[in-house]
Amino acid sequence: IRRVNGHVAVTAFGLREETLRREGLPNGGFFVVPAADDDSAGVVRRMGDLAAAAHRRVARSVPALAPTTRMAARSALLNTLGVGAVSGWSRLRRPPEAFDVYHVVELGPERERRVELGSRRDELGRPVARLRWFVADRELEALDRTEELVGSALEEAGLGRLTTARQVGDELHPSAHHHLGTTRMADDPRRGVVDADGRVHGIPNLYVTGGSVFPTAGYVNPTLTIVALASRLAAHLREEPAA
Numbered sequence: 007i008r009r010v011n012g013h014v015a016v017t018a019f020g021l022r023e024e025t026l027r028r029e030g031l032p033n034g035g036f037f038v039v040p041a042a043d044d045d046s047a048g049v050v051r052r053m054g055d056l057a058a059a060a061h062r063r064v065a066r067s068v069p070a071l072a073p074t075t076r077m078a079a080r081s082a083l084l085n086t087l088g089v090g091a092v093s094g095w096s097r098l099r100r101p102p103e104a105f106d107v108y109h110v111v112e113l114g115p116e117r118e119r120r121v122e123l124g125s126r127r128d129e130l131g132r133p134v135a136r137l138r139w140f141v142a143d144r145e146l147e148a149l150d151r152t153e154e155l156v157g158s159a160l161e162e163a164g165l166g167r168l169t170t171a172r173q174v175g176d177e178l179h180p181s182a183h184h185h186l187g188t189t190r191m192a193d194d195p196r197r198g199v200v201d202a203d204g205r206v207h208g209i210p211n212l213y214v215t216g217g218s219v220f221p222t223a224g225y226v227n228p229t230l231t232i233v234a235l236a237s238r239l240a241a242h243l244r245e246e247p248a249a
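The numbering of the sequence shown is this note's numbering, which starts it at 7 and goes up by one.
Everything labelled a hint here was simulated from the structure, so no lab data went into it.
You can trust all of the hints, since none of them are fake.
What follows is a list of derived Cβ distance ranges for each label pair:
no. : residue 1 : residue 2 : range
1   : 40        : 182       : 19 to 27 angstroms
2   : 121       : 18        : 26 to 34 angstroms
3   : 176       : 245       : 48 to 56 angstroms
4   : 105       : 182       : 18 to 26 angstroms
5   : 12        : 211       : 37 to 45 angstroms
6   : 122       : 212       : 14 to 22 angstroms
7   : 101       : 161       : 14 to 22 angstroms
8   : 13        : 102       : 18 to 26 angstroms
9   : 209       : 174       : 47 to 55 angstroms
Beta carbons: idealized from backbone N, C-alpha and C, even for Gly.
Given these sequences and hints, build the entire structure.
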């Protein structure tokens, strides 16, 4: 984590592109922060439990506020603990000897991961959307292989030893999801919903933009790309002759 031109920037490390292609692995990155000591870790866990409990109560009573409450609780927790401190770790009086490594990985297109209409209906009688989302076994295998390769590289470089949660029997705890690709962009209407301009195949005056048109998800936050796609579509529509 560093400050660049007045902005906080986070750097990740990962496998080379040729290694990903050779091994058939998805894109991903590893983010490193100093590990909390035992006392701090206990405080973090207790505060995290309180934040999670508060989020569950709000989510049950006002479902629409659930995402906002979750983000606010997480932000307050990080600010309270000073986790957002920027750089300078090696210059501390007691430099950290251990680091927490967060592995962020791309999930590829999966036919059974989808948004569909459920059997439940809202107050107006309309079907409520239902999300089907899961991590496939092949993706867990790719996760393990990626961490194996990165761990070997770290040891060979003399930088330390990587111990993963799954190695010590802990469950996988996905911390964030960006649900993307439900109206994928493709030249062939058999492979996607919109063309390269965001126009829905077969409907000349209907366009879609946003994260749903991503052919693949990537592993970084999608907002910048979503804004770029929206700006690009706006420019295209300005040039489009009026019907």
